[in-house]
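Taken in sequence, the protein lines are chains A and B. For what it's worth, our numbering labels the leading residue of the first sequence as 1, then goes sequentially. For what it's worth, our numbering labels the leading residue of the second sequence as 1, then goes sequentially.
Treat the hints as calculated values from the structure; they're not laboratory data. Among the hints, a few may not be true.
[As the list claims (entries may be wrong)] The list that follows gives simulated cross-link-like pairs (lysine to aspartate or glutamate, EDC-like), each with its CA atoms no further than 20 Å apart:
#1 B:Lys75 with A:Asp54
#2 B:Lys75 with A:Glu38
#3 A:Lys8 with A:Glu38
#4 B:Lys75 with B:Glu86
#5 A:Lys8 with A:Glu51
#6 B:Lys75 with B:Asp132
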Amino acid sequence: MTIIVNGKPREVKAATLDAVLAELGYNGAHVATAHRGEFVPAAARAACRLEEGDRVEILSPIGGG
Amino acid sequence: MLVYGTELRSRLLLGTAQYPSPAVLAEAVRASGAEVVTVSLRREGVAGGGQGFWQLVRDLGVRVLPNTAGCHTVKEAVTTARMAREVFSTPWIKLEVIGEDDTLQPDVFGLVEAARILSAEGFQVFPYTTDDLVVAGRLLDAGCQVLMPWGAPIGSGRGINNPYALRSLRAHFPNVPLVVDAGIGLPSHAAQAMELGYDAVLLNTAVARAGDPVRMARAMARAVEAGRLAFEADPMEARDMAAPSSPVIGMPVFGA
Chain A
1 MTIIVNGKPR
11 EVKAATLDAV
21 LAELGYNGAH
31 VATAHRGEFV
41 PAAARAACRL
51 EEGDRVEILS
61 PIGGG
Chain B
1 MLVYGTELRS
11 RLLLGTAQYP
21 SPAVLAEAVR
31 ASGAEVVTVS
41 LRREGVAGGG
51 QGFWQLVRDL
61 GVRVLPNTAG
71 CHTVKEAVTT
81 ARMAREVFST
91 PWIKLEVIGE
101 DDTLQPDVFG
111 LVEAARILSA
121 EGFQVFPYTT
131 DDLVVAGRLL
141 DAGCQVLMPW
151 GAPIGSGRGI
161 NNPYALRSLR
171 AHFPNVPLVV
181 DAGIGLPSHA
191 AQAMELGYDA
201 VLLNTAVARA
211 GDPVRMARAM
221 ARAVEAGRLA
231 FEADPMEARD
241 MAAPSSPVIG
251 MPVFGA
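Next up, chain A with everything else stripped away, as it sits in the complex (with noise of 0.2 Å):
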């Protein structure tokens, strides 16, 4: 199925938030994670299961002021 992750079409096998984190290639990456614009903590990603056109934002640390 297509979901829009960080704002672009993905083509994505795993249907909960967790697996697709791994298919996207971030195992281990220290990220936290929004559904339909709900922030996911960790723990709640395995049961977090994703529709066809969900939006998921990945985000990352980054310098700020």
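Position chain B against the provided structure of chain A, taking the given hints into account.
Structure of chain B alone, referenced to chain A:
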């Protein structure tokens, strides 16, 4: 300075954006003596961010204060704060809710609402606010134990636009930690903020965009220290007319 139960010896908080290189950032943080640096969250894959940046910050051994920079709504700011708490493993959040893009002026109504929500969730909120006295009171009511009024718009380097308002805030809230956040361009601005009795200064662009960021970080550290010492020393009052500093009594007469 005691903030949310944490004692900070350095009164300079430094941002980590816009440096010419990661090596210069690291050296500038060391030169500044800052114990707290601000950080942010962006989409994974953005240049300059990610796992390398995070490793660099961790190696510096400083405390991080994540921000919600760029957020324009309460929902964006609250969601970003929740994500930041997990990624950076800290309840501290520099709360920004931007209301206007030319000035990056805080939306103080959204700010107070977001501060209330986050404080109730156990966050320790550092609100980036204006110098408005009434808003400051509302932020304290919302659970904030520190206030961070702007000196001037973010990145403008204009210094302290309204010393009267900042002096007024200081006088009204003598026991609340107050940090001038944004607008500092020169060490003299930082010193002025400290002379007004502010507890600390938070700046980024003034150091990162200097020709020699490391040297400027050192200059800012000294200015903050000098300004604080001056405040503690209880400066003299300014006056309009001259007053001789050398003794008047005992002047010789050299007339013919």
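Verification of the supplied hints:
no.: 1; hint: B:Lys75 with A:Asp54; in the structure: holds, 18 Å
no.: 2; hint: B:Lys75 with A:Glu38; in the structure: holds, 9 Å
no.: 3; hint: A:Lys8 with A:Glu38; in the structure: holds, 18 Å
no.: 4; hint: B:Lys75 with B:Glu86; in the structure: holds, 17 Å
no.: 5; hint: A:Lys8 with A:Glu51; in the structure: holds, 15 Å
no.: 6; hint: B:Lys75 with B:Asp132; in the structure: violated, 23 Å
In the structure shown, a violation is registered for the earlier hint numbered 6 alone.
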